[in-house]
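S.K.: Take a look at the letters that make up each chain.
Protein chains: 2
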Amino acid sequence: MKFSDPASLDHAEREEGTTFAPRFDAHGLITVVTTEADSGTILMVAHMNAETLALTLESGIAHYWSRSRKAIWKKGETSGELQEVVELRTDCDQDCIVMLVRQTGRGAACHTGRKSCFYRRVEMAGDKASLADIGLPRLFDPATVYKR
Amino acid sequence: MKFSDPASLDHAEREEGTTFAPRFDAHGLITVVTTEADSGTILMVAHMNAETLALTLESGIAHYWSRSRKAIWKKGETSGELQEVVELRTDCDQDCIVMLVRQTGRGAACHTGRKSCFYRRVEMAGDKASLADIGLPRLFDPATVYKR
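The listed protein sequences correspond, in order, to chains A and B.
Add 63 to the 1-based position in the first sequence for this note's numbering, that's all there is to it.
Add 63 to the 1-based position in the second sequence for this note's numbering, that's all there is to it.
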């Protein structure tokens, strides 16, 4: 699957048109916000390159690009927590994707075993910011799932 | 307001601790996913630098960094669509923020006048991907609001 070149679109077509021309950044990546289709909960934020975006659309299973491992990252390949794609959306300037998924396995998108990676909120005390756990339970034990 | 240096945290403290040490990228930016606090709807995805993250926390009003204008972007300063911050969350490796807001004004976070920037979904026909409008109404007329 090939994607249209964003440079080929004028402003109106990019923002209001039907041509999908994802704008990958200087590293060839686009940000993906993954949400649970049923609840709208934000599960995680990660990145795709053109290859893994195509793989995701073709297979219906989420494939990201791991920036740390510099490799294709089929989400859940180790943990079993695959993500079945329900819908992809893009934004006005087509440089970001929201992906609605069904989270399989134990329902944990985060490698810490929690449903979502966003399990801490920022709390202010005067001009000091710290983090507080919002209480998402661990649905699996990472030490068991990711054993070497 | 100063933030802790992410390099000062070990892996466990970064992922499970209470120290807020946002990991800005090589350009000094962190990705922010902004959601409507009441509904959980994803309104937009943008970026903050340390200065605008501090401004946001101190003022309770969303301030982003405009990558195109290379300037502080107080959301809604032109359109009146200010965002009142309800809560900030960060993810396991602290390189992304989810911000829950009350969208003021006409309730349109997108410069096209729609509630959300994510108003088009990707549709597949064979191996060809195109975009389809999901039908979000325009809550203001951009030509009037952003007149030069």
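Simulated from the structure, these hints should not be mistaken for laboratory data.
Quick caveat, the model's predicted, so the values are computed rather than measured.
Check before you lean on any hint, since a few could be wrong.
Here's a subset of chain A near chain B, in silico, CB distances under 7 Å, partners left out [stated by the list, open to error]:
(1) Val96
(2) Ile105
(3) Asn112
(4) Glu114
(5) Asp154
(6) Cys159
(7) Thr175
The C-beta atom is built at its ideal place from N, Cα and C for all residues, glycine as well.
S.K.: Now, for every hint given, state plainly whether the structure supports it.
M.R.: Quick rundown of the hints versus the structure:
1. Here the hint on valine 96 of chain A is kept, as its CB sits about 5 Å from the closest CB of chain B, short of 7 Å.
2. Hint on isoleucine 105 of chain A holds. Least Cβ distance to chain B is approximately 6 Å, under the 7 Å limit.
3. For asparagine 112 of chain A, the interface hint is violated, the least distance from its beta-carbon to any beta-carbon of chain B being 15 Å, above 7 Å.
4. Because the smallest distance between the Cβ of glutamate 114 of chain A and any Cβ of chain B comes to about 14 Å, over 7 Å, the interface hint for this residue is violated.
5. Checking aspartate 154 of chain A against chain B: minimum C-beta separation of about 4 Å stays under 7 Å; hint holds.
6. At its closest, the beta carbon of cysteine 159 of chain A sits 4 Å from a beta carbon of chain B; the interface hint therefore holds under the 7 Å criterion.
7. Hint status for threonine 175 of chain A: holds, given a least beta-carbon distance of 6 Å to chain B, under 7 Å.
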